Amino acid sequence: GENVEQHPSTLSVQEGDSAVIKCTYSDSASNYFPWYKQELGKGPQLIIDIRSNVGEKKDQRIAVTLNKTAKHFSLHITETQPEDSAVYFCAAVMIKAAGNKLTFGGGTRVLVKP
Amino acid sequence: EAQVTQNPRYLITVTGKKLTVTCSQNMNHEYMSWYRQDPGLGLRQIYYSMNVEVTDKGDVPEGYKVSRKEKRNFPLILESPSPNQTSLYFCASREPGNQPQHFGDGTRLSIL
Chain A
1 GENVEQHPST LSVQEGDSAV IKCTYSDSAS NYFPWYKQEL GKGPQLIIDI RSNVGEKKDQ
61 RIAVTLNKTA KHFSLHITET QPEDSAVYFC AAVMIKAAGN KLTFGGGTRV LVKP
Chain B
1 EAQVTQNPRY LITVTGKKLT VTCSQNMNHE YMSWYRQDPG LGLRQIYYSM NVEVTDKGDV
61 PEGYKVSRKE KRNFPLILES PSPNQTSLYF CASREPGNQP QHFGDGTRLS IL
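Chain order of the listed sequences is A and B.
Going by our numbering, the residue at position 70 of the first sequence is 70; the numbering climbs one at a time, nothing skipped.
Going by our numbering, the residue at position 106 of the second sequence is 106; the numbering climbs one at a time, nothing skipped.
Hint data in this document are derived by calculation from the structure and do not stem from the laboratory.
Only true hints are included.
Listed below are the simulated DSSO-like cross-link pairs for lysine-lysine, each with C-alpha atoms no more than 27 Å apart in a straight line: (1) K42(A) to K57(B); (2) K18(B) to K42(A); (3) K68(A) to K101(A); (4) K42(A) to K65(B); (5) K101(A) to K37(A); (6) K71(B) to K42(A); (7) K101(A) to K57(B); (8) K57(B) to K37(A); (9) K71(B) to K18(B); (10) K69(B) to K101(A); (11) K71(B) to K101(A).
Simulated coverage check for chain A against chain B, where a stretch passes if three residues somewhere in it have a Cβ under 8 Å from a Cβ of chain B: (12) 1-12; (13) 21-34; (14) 43-52; (15) 104-111.
Computed beta-carbon distance windows for the label pairs: (16) R108(B) to E15(A): 26 to 36 Å; (17) R108(B) to T10(A): 20 to 30 Å; (18) Q3(B) to K57(A): 25 to 35 Å; (19) E62(B) to P8(A): 29 to 39 Å; (20) K57(A) to E95(B): 17 to 27 Å.
Computed from a predicted model, the values in this text were never measured in an experiment.
Where is the CB? At the ideal position from N, CA and C, for every residue including glycine.
Please take these sequences and the hints and turn them into a complete structure.
Structure follows, in structure tokens:
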């Protein structure tokens, strides 16, 4: 089955700096890659996603890149702010006969220091 | 407001005492699933359902049951809970295809 590895597990950055989280996946059949942000006491919320026919996508301070050949994708947060502090999860989704299968990475705890 | 609602939010119970965690969504989504979240392991899928009366095992189904009698509800049942099922549980729903999941706010279970 699919295996998603996420690094680093913790990331501390100074406010205003950039944060980068990297994920690799194992199954080339995966074709959809969402990123989720989880705040304390809440469920994960989608912040950005990318499909396999696109190499990069941006939404204000957040961008995601995908390298299908190398089977890795990354989340970039620029001009970080204290409210960006949270746990971030990458995921890889593949289509199966019984329905789409979503596999999460292990998560990255991001701390933005004021 | 679009919501996935889980109950209870917190539960402390003892080994062997059957419990049910309810999940309800108001978005008319066909696809629903249950995950457990453990430190360093991310979210792992327990069971999922593609529609009413259609359910299938995820990655960690042992010790759990589900049912999908109505489109909006997808309860998670622990017939005989054990301490290794102490975890944070999330229910999620989505549209068919490669669509983002909507998660509930979680249920923290402690099995003593």
